[in-house]
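J.: Chain by chain, the residues run as shown.
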Amino acid sequence: MKIERTVALVAAMALLVPALSFAGGRSESGGPTQYTIEVTGSTSVSPLMESFAETYSAAHPHVSINVSGTGSGDGITGANTGVAELGMSSRSLRPTELGFGLDVLTVAIDAIAVIVHPDNPVSGLSRDQVRQIYTGEITNWNQVGGPDRPIAVVSREPGSGTRGAFEEVVDFVDRLVSGAIEFDGTGGVRASVAGNLNAIGYISLGSITHEVKALDIEGVAATGANVTSGAYTIARPFLVLYRQEKTASETDRFLEWMVSPEAQAIVERNYVRIN
Amino acid sequence: MNHGDSKLCAPTDARATLDDRDRLPCEFPGQAARPEYAMSSSTRIIVDRSLRHIFRIVSFFSVIALAAMVIFVFAQGLGPFFFPTAPSIAVVLENIPSARINGSLYENHRRAIPLDPEASYLTIEFPLSGTPTRISLPLYRNVEDPGRSIEFPPELQDYLSSPEHLSYTLSFPGSLPGLEPRIHINIPEPPYSFRSFITGREWRPVYRKMYGIFPMIIATLLSALGAVLVGAPVALLSCVLIAEFLPPRLSAAVTGAIELLAGIPSVVYGFFGLMIVVPGIQRLFGSASGSSIAAAIAILSLMILPTIVTIGVTALRSVPATLREASLALGATKMQTAWCVVCTSAKSGLVTGVVLGTARALGETMAVILVAGNSPQIPVSLVSSVRTLTATIALEMGYSAGRHNEMLFSIGIILFLLIFLLNGVIMRLRGKMHTEVSS
Amino acid sequence: MNSSPKFSIKNLNLYYGVFHALKAVEMEIPDRNVTALIGPSGCGKSTFIRVLNRMNDLVRDCLIEGTVLMDNTNIYGPGTDVTSLRTAVGMVFQKPNPFPMSIWQNVAYGPKMQGLRNTAALNEVVEESLRRAALWDEVKDRLKKNALSLSGGQQQRLCIARAIAMQPQVILMDEPTSALDPIATKRIEELMESLKRDYCIVIVTHSMNQALRISDKTAFFLMGEVLEFGDTARVFDDPRHEETSRYITGHFG
Ligand SMILES: Nc1ncnc2c1ncn2[C@@H]1O[C@H](COP(=O)(O)OP(=O)(O)O)[C@@H](O)[C@H]1O
Ligand SMILES: [Mg+2]
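Protein chains in written order, with this note's numbering: chain A, 1 to 275; chain B, 1001 to 1439; chain C, 2001 to 2253.
If you're looking for bench data, these hints aren't it; they were derived computationally from the structure.
All values derive from a computational prediction rather than experimental measurement.
Virtual Cβ for every residue (Gly too), placed ideally from N, Cα, C.
Each hint should be verified, as a subset may be incorrect.
[To be verified] Beyond 12 Å from chain B on every Cβ pair, some chain A residues (computed):
{"id": "1", "residue": "Pro-61"}
{"id": "2", "residue": "His-62"}
{"id": "3", "residue": "Gly-71"}
{"id": "4", "residue": "Ser-72"}
{"id": "5", "residue": "Pro-118"}
{"id": "6", "residue": "Ala-231"}
{"id": "7", "residue": "Thr-251"}
{"id": "8", "residue": "Glu-262"}
{"id": "9", "residue": "Ile-266"}
[Claimed, not checked] Straight-line alpha carbon distances no greater than 30 Å define the calculated DSSO-like cross-link-like pairs of lysine-lysine that follow:
{"id": "10", "chain 1": "B", "residue 1": "Lys-1334", "chain 2": "C", "residue 2": "Lys-2145"}
{"id": "11", "chain 1": "B", "residue 1": "Lys-1347", "chain 2": "C", "residue 2": "Lys-2144"}
{"id": "12", "chain 1": "B", "residue 1": "Lys-1347", "chain 2": "C", "residue 2": "Lys-2186"}
{"id": "13", "chain 1": "B", "residue 1": "Lys-1432", "chain 2": "C", "residue 2": "Lys-2186"}
{"id": "14", "chain 1": "B", "residue 1": "Lys-1347", "chain 2": "C", "residue 2": "Lys-2010"}
{"id": "15", "chain 1": "B", "residue 1": "Lys-1209", "chain 2": "C", "residue 2": "Lys-2144"}
{"id": "16", "chain 1": "B", "residue 1": "Lys-1432", "chain 2": "C", "residue 2": "Lys-2145"}
{"id": "17", "chain 1": "B", "residue 1": "Lys-1334", "chain 2": "C", "residue 2": "Lys-2186"}
{"id": "18", "chain 1": "C", "residue 1": "Lys-2095", "chain 2": "C", "residue 2": "Lys-2186"}
{"id": "19", "chain 1": "C", "residue 1": "Lys-2112", "chain 2": "C", "residue 2": "Lys-2095"}
Work out the full structure: start from the sequences and follow the hints.
T.: Here you go:
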């Protein structure tokens, strides 16, 4: 064996091994009892999951919870393939996804609020009007009792849990008017509506700020109480997906905790608790 | 190591003999070793050869990594055009603890149950509110429209719904709300035609399963073209100003500033666009919203400026001063010299700058997502909301699943080809200019 | 006309910043003659020749004092248009520097920049200039070819043709043959011989033989000063300064 080749190999290993080991084991570092739960999926569910994680980890120091918000599709696939122990979805499973045979836990109900610019005089719409706006049959605010201004329709991107749920509940599945503005993420939709007097959009009720105004639908205000009572119907479940037979006992306890009164109290801060 | 032997062993390999050459004993007879040289020649050769091996190993790994990425993209992206999404129709049982499907018993089975591809009937036997029920549906193979490969008799229509294209759900009244027994039947999507992918005008990936990217191709090309048409002339004028007319100190300062601009993350450009350009365009055109192709072009032309200017200025500066002197000595003005001699001499570099700028415009994602409006439609005016190819990938990657997800990789392949084409153009132009100059 | 000098330089001082590059230069350059400038490197020959077509204007911090009269007009006077001065005073550089364009475009460049657009007239100028530069026969079949494809000697003659195309009165040459082989050098020297009938030629050279062969007047520069100026034969046969003779005989420099 030539010396040079050995030197080169050793040097290359010295470069590569740390890189590889970074990619490899990351979970079990702080002693044998430490356990990390990987949670991935919906960006809408992520904030709630992070609050869950914070509270839960504080009470159970040996459990750390890693939340990454990528998207509902990612969450479902992740739970199916085992990339993540828990998946988050902000929409119900689609027929092909039902075939994965995942276990589903509903941890919260989230109302979807229809939002406009705070200076927009329109304060409420019927569900039909919302549908007609989103399918392009209504294009001016004066058709719904507002000023003579064109309507800028703002939506989420295809595949988004929020969009899927909204299109299903308002009943215009895949009929979004072409030319609508599409954003990835609640923040984008909110910023777009906050900056445009003509705009209409929809976001999770928990993400409403004073920059935008939530419209009444069929005369019912978008509030947690109205969702619980069933009066406000534009809502969707927040789901956690997992495989019962694969989850560790720590994860099982975390799942149980998510539907406990303590966790549901956290839900109630921004969302609607499950019964 | 016997030098003569190794030469004998590999006489045909030119590289082997080349390698051998620096293995020659360096202490020639009569040439005394010089102790003041800290590194002996054998150490030097070992160092050199070790470095060479390190280079080889490192480049080997990077080539493997790049190849793996390309193969991965192609493997993912080509699938939809060759394979159906599943080998056969699959049945999913929801809230049905036990059922017999085509004769086989399934207890507490929640995963999809694939049918025999040859089956001509789908028979499901299960207890419904205590009474045994039997559903029998005829299956048709090789039908033109895959939606017709299953037939539902009229008496089932009341229970039937189709939540998305090629998926059927039979929901039966159950004892508890939310626990209704349901049977989902998923028909596999046949291979998608590449033509409808390229020329299709509808991108409805979720429910209608239509994957036409023609509007996005148009939007991508138009916004890049617009950005180049607006940005390139401005950039070229700035290049000439910076390289030919500004005093050296100022020129260096401006170049530095522009290089800094090139390093600004594209999200920052995007936010600038969202906060300033989009409302500006809305006011200017009086449109419903300013998120449009015009905003995309504005931001992209701003973003490609630094690319073109840095490359262009470098090209102009590398034109030998003797050419400028020659032109001035002939009585040409500085302006004439700048355009007719300096720019002509540097045109290959300038073209490279513009092409790289175009590539940046084609590949830009984050900034465009923030300002373009992202509607997958063919733009009809400057204020049309449009979606580019890269934007589609970035917007939907996290949320997509199955074929929708694979189609995003297919879009990646198309982008790949676009950039490939652009590289071809630059190579050709370069070659042409080279023959012009050297022949 | 022959008797009055083309250039008459009086008390010329040139500074690059604080560096005094030309010191109190006095010189009368005759028309239709070859004037050679010799001297060791860095003595200011190029600087001086560039004074004659005001190329030093391009150098920042370059200060010029004194008068440079061309046909009794001060070229540093307030009324002088630099570009038209340069059309009258052509220049050939040490290294051949054709533009990376076709041979035709190289020669036609100057007239075009002056606004000559007529192709027939330009063709005429190109042919005439290439003939006078003794290049026509070699390139007449490949005028559209890139000038960089020519040999070094041909490129230098192309640069001369390019200068001639402006129909100048003066041609300045700064070591025009120092980058060429002996045969190409010989051709350029023959060319100068024929050109001096019509032009005032000023040439910087490092070759004593060349100066002796082609020039009528010789100026010897040393440390920014003109130490000796006179008829070439006189300067070489009977130098008035010790330094001149030592330089000519190759004892320093
Ligand atoms: N642009 C310039 N800036 C400052 N000094 C210069 C410049 N050009 C020439 N010099 C200096 O002036 C002196 C004369 O230079 P030059 O005329 O080129 O000499 P020669 O051509 O006789 O070799 C040299 O010392 C040179 O360093
Ligand atoms: Mg010189």
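J.: Does the alpha-carbon distance linking Lys-2112(C) and Lys-2095(C) stay inside the 30 Å limit?
T.: 24 Å, holds
J.: Over 12 Å from every CB of chain B: does Gly-71(A) meet that, or does the non-interface label fail?
T.: 3 Å, violated
J.: Are the Cα positions of Lys-1432(B) and Lys-2186(C) separated by 30 Å at most?
T.: 36 Å, violated
J.: Check the hint pairing Lys-1347(B) with Lys-2186(C) against an upper bound of 30 Å on the C-alpha distance.
T.: Judged against 30 Å, a Cα distance of about 36 Å means the pair is violated.
J.: Find the nearest Cβ of chain B to the Cβ of Ala-231(A) and say whether that gap is larger than 12 Å.
T.: 18 Å, holds
J.: Checking one constraint from the list: CA of Lys-1334(B) to CA of Lys-2145(C), max 30 Å. Satisfied?
T.: 26 Å, holds
J.: For the pair we were handed, Lys-1334(B) and Lys-2186(C), check the Cα-Cα distance against 30 Å.
T.: Status violated; Cα separation ~35 Å.
J.: Taking the closest pair, is the beta carbon of Ser-72(A) still more than 12 Å from chain B?
T.: Ser-72(A) is in fact no farther than 12 Å from some Cβ atom of chain B, at 6 Å.
J.: Going straight from one Cα to the other, do Lys-1209(B) and Lys-2144(C) come out at no more than 30 Å?
T.: 59 Å, violated
J.: Between Lys-1347(B) and Lys-2144(C), does the CA-CA distance stay at or below 30 Å?
T.: 18 Å, holds
J.: Are the Cα positions of Lys-2095(C) and Lys-2186(C) separated by 30 Å at most?
T.: 16 Å, holds
J.: Is the hinted pair Lys-1432(B) and Lys-2145(C) satisfied, with a Cα-Cα distance of at most 30 Å?
T.: With Cα atoms ~14 Å apart, Lys-1432(B) and Lys-2145(C) stay inside 30 Å; holds.
Checked against the numbered hints given earlier, the structure breaks hints 3, 4, 12, 13, 14, 15 and 17 and satisfies all the rest.
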